[in-house]
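J.: Please arrange chain G on chain L, whose structure you already have, making use of the hints.
Number of protein chains: 2
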Amino acid sequence: MANLKEVAKLAGVSPTTVSRVLNNHPHVNKDTRNKVHQIIEELNYIPNINAINLIKGKTNLIGIVIPFSNYPYFSQLIQGISEVATQKNKKVVLFQTSYDSKQELEALEMLKLKQLDSLIICSRNISIATIESYLQYGPISIFENIKNTTLHTTYIDHYHAFKHALQYLYKLGHRDIGCVINRRNSSSSIQRLSAYKDFCLEHHIPIKEELIFENYALLEDGKALYESLKKTKTIPSAIVISSDHTAAGLYLSLSETERKNFSIIGFENQEISTLLNITTVDIPLHTIGIQLFKQLSNNSITQTKFDTHLIKRHSVFKLKD
Amino acid sequence: MANLKEVAKLAGVSPTTVSRVLNNHPHVNKDTRNKVHQIIEELNYIPNINAINLIKGKTNLIGIVIPFSNYPYFSQLIQGISEVATQKNKKVVLFQTSYDSKQELEALEMLKLKQLDSLIICSRNISIATIESYLQYGPISIFENIKNTTLHTTYIDHYHAFKHALQYLYKLGHRDIGCVINRRNSSSSIQRLSAYKDFCLEHHIPIKEELIFENYALLEDGKALYESLKKTKTIPSAIVISSDHTAAGLYLSLSETERKNFSIIGFENQEISTLLNITTVDIPLHTIGIQLFKQLSNNSITQTKFDTHLIKRHSVFKLKD
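Those protein sequences? They're chains L and G, same order as listed. Quick note: the first sequence uses UniProt numbering, first residue 1, plus one each step. Quick note: the second sequence uses UniProt numbering, first residue 1, plus one each step.
Treat the hints as calculated values from the structure; they're not laboratory data. For clarity, every value in this text was computed on a predicted model and none was experimentally measured. Note that the Cβ used here is the ideal one computed from N, Cα and C, for glycine as well. A hint or two may mislead.
Cut-off 25 Å, straight-line C-alpha distance, at most; resulting in silico cross-link-like pairs (PhoX-like, lysine-lysine) [stated by the list, open to error]:
no., chain 1, residue 1, chain 2, residue 2
1, G, K90, L, K112
2, G, K223, G, K260
3, G, K233, G, K171
4, G, K112, L, K35
5, G, K260, L, K223
6, G, K223, L, K312
7, G, K260, G, K318
8, L, K58, G, K112
9, L, K233, L, K320
10, G, K223, L, K260
11, G, K305, L, K58
12, L, K88, G, K102
13, G, K90, L, K58
14, G, K58, G, K171
15, L, K90, G, K112
16, G, K5, L, K112
17, G, K9, G, K30
18, G, K58, L, K5
19, L, K294, G, K102
20, L, K88, G, K112
21, L, K5, G, K112
22, G, K318, G, K163
23, G, K305, G, K197
24, G, K233, L, K90
25, G, K163, G, K260
Just so you have them, the derived chain L footprint on chain G, three or more residues with Cβ under 8 Å [as the list claims (entries may be wrong)]:
no., region
26, 72-80
27, 89-95
28, 100-113
29, 259-266
30, 270-280
Only chain L is shown next, with the shape it has when bound in the complex (with noise of 0.2 Å):
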């Protein structure tokens, strides 16, 4: 099979030119261009554009660390990268990690490699130590608020966000307030959690461990939740939700009488909690995933925040007293 070298030999230009013809490099005269495309065709040339890369350098590929692909907080986040990176004339490899550390790990070696160009994680569970050690391979950004770091970030304030929504329910009257978490060593959740707990600090409300519940995410994780709810000595009279999902699986779980002595708050804003009028937080995971993606590009670090908004519903009722 004909290969570059030949290409150029015939066409009386360098490998370089040829490849830059390739790939339609701004910089080569009209006849060059023409000339080079006629051996082409009379070669039948298919080029391995991995070689053409490796002269290059770059490989258009971006990786995506993502812990699940049918959780739909991630397949959102992998919608939005993707249509970016299609525009961009990019594709996305998938690392699907189910939080293994091993997996994450290969996928920043696969930078150091030179076989990504860049890396967006999603979720983890390796150190941020060990992936700002990789940053002198290529940029990556990452879905996490992190103070003082090399990456590019991304992120929205979960103590605030989940603070709000429980003043939300204080103001209704509400004092035994449950609180739903999925893995509870998440940077994440551990925003959550603090601002679970400076809420009863500030209001003087004892912290009562039974009402703190975690892995619960998706929609089946509700009906667990229900059984998880009925055991608890003190029965809250709402709840805040990191999972809109779950939230919606609590909720179908709930009697028609139940759900209306019963205040939810769910978070992400999905479909499910506008069909079932469930108040939620909205967080806009379309577009952070076009955000992790468009800072990859950034010579400079940047730090991206993206406001939350709760959403009142008909799942929040004033407590009678």
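T.: Same frame as chain L, now just chain G:
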């Protein structure tokens, strides 16, 4: 920076042997392996894997052609494919096409240019003939029921599954049955509509175009479907919907009374249908994703059919005379 050739020279072996050591190839003796590793360490050599892949003619990258990442139907396929890819130490490149033929073609071109080892097509817009013309460059599997193709296929019998659901409703006395699909010209919709029309003909039921609803796939579409249903001249007593999410959206839009007088059958067996107790047809999407990946390594063309199952729950009623 040190390169592979220098490592080979200092270790007294060929570049191919160095490449084999880096790829954990079994046929390298232990002494040679140790020697190469020692030189790599001395030179602080970072292998450019792209150069190694170029020698091997492999990238370990598998393309996935998918219209959207944030539809539960597709995100489950991605989840299955990525799980098995991770086990096999392959990476997946996502081509999120929005059914744009240009994007689909780009995936095929990347296969041709050896930027991908193989390709999985979950749903497509371009012709099968076009796809088949790329088979010379690498294996391709497709989630579609196609006769006489040289592609690997994994499929379900949409015709049979849809008809079975309709027959079930017929036995319970239903005659005015609505039919809800997504893209009218997709391969699966064509099979479903054909089942619907054959069913009507066999039972001497007039085919009413107003009872065929198209472009419904998501949860929020269920609300729009509810509005459309209210406008039909013939009010159906039952409906078969090709998406559980739309079925759930419709179910949640109905009043309590309407729910007891209207039969719904969804498709896919998504979490939401379990939670709402909606009768559905199970499609093992996760397993299908795994199979689509596995087929790629078969030497001969394989066609794998997955069975579907009607799961009877509480959204279907016997029609009173």
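J.: It remains to establish, for every hint, whether it holds in the given structure.
T.: Comparing the hints with the structure gives:
{"no.": "1", "hint": "K90/G with K112/L", "verdict": "holds (17 Å)"}
{"no.": "2", "hint": "K223/G with K260/G", "verdict": "holds (18 Å)"}
{"no.": "3", "hint": "K233/G with K171/G", "verdict": "holds (24 Å)"}
{"no.": "4", "hint": "K112/G with K35/L", "verdict": "holds (23 Å)"}
{"no.": "5", "hint": "K260/G with K223/L", "verdict": "holds (23 Å)"}
{"no.": "6", "hint": "K223/G with K312/L", "verdict": "holds (20 Å)"}
{"no.": "7", "hint": "K260/G with K318/G", "verdict": "holds (10 Å)"}
{"no.": "8", "hint": "K58/L with K112/G", "verdict": "holds (19 Å)"}
{"no.": "9", "hint": "K233/L with K320/L", "verdict": "holds (21 Å)"}
{"no.": "10", "hint": "K223/G with K260/L", "verdict": "holds (23 Å)"}
{"no.": "11", "hint": "K305/G with K58/L", "verdict": "violated (41 Å)"}
{"no.": "12", "hint": "K88/L with K102/G", "verdict": "holds (14 Å)"}
{"no.": "13", "hint": "K90/G with K58/L", "verdict": "holds (20 Å)"}
{"no.": "14", "hint": "K58/G with K171/G", "verdict": "violated (55 Å)"}
{"no.": "15", "hint": "K90/L with K112/G", "verdict": "holds (17 Å)"}
{"no.": "16", "hint": "K5/G with K112/L", "verdict": "holds (19 Å)"}
{"no.": "17", "hint": "K9/G with K30/G", "verdict": "holds (18 Å)"}
{"no.": "18", "hint": "K58/G with K5/L", "verdict": "holds (21 Å)"}
{"no.": "19", "hint": "K294/L with K102/G", "verdict": "holds (23 Å)"}
{"no.": "20", "hint": "K88/L with K112/G", "verdict": "holds (21 Å)"}
{"no.": "21", "hint": "K5/L with K112/G", "verdict": "holds (19 Å)"}
{"no.": "22", "hint": "K318/G with K163/G", "verdict": "holds (18 Å)"}
{"no.": "23", "hint": "K305/G with K197/G", "verdict": "holds (24 Å)"}
{"no.": "24", "hint": "K233/G with K90/L", "verdict": "violated (50 Å)"}
{"no.": "25", "hint": "K163/G with K260/G", "verdict": "holds (24 Å)"}
{"no.": "26", "hint": "72-80", "verdict": "holds (count 5)"}
{"no.": "27", "hint": "89-95", "verdict": "holds (count 5)"}
{"no.": "28", "hint": "100-113", "verdict": "holds (count 4)"}
{"no.": "29", "hint": "259-266", "verdict": "violated (count 0)"}
{"no.": "30", "hint": "270-280", "verdict": "holds (count 5)"}
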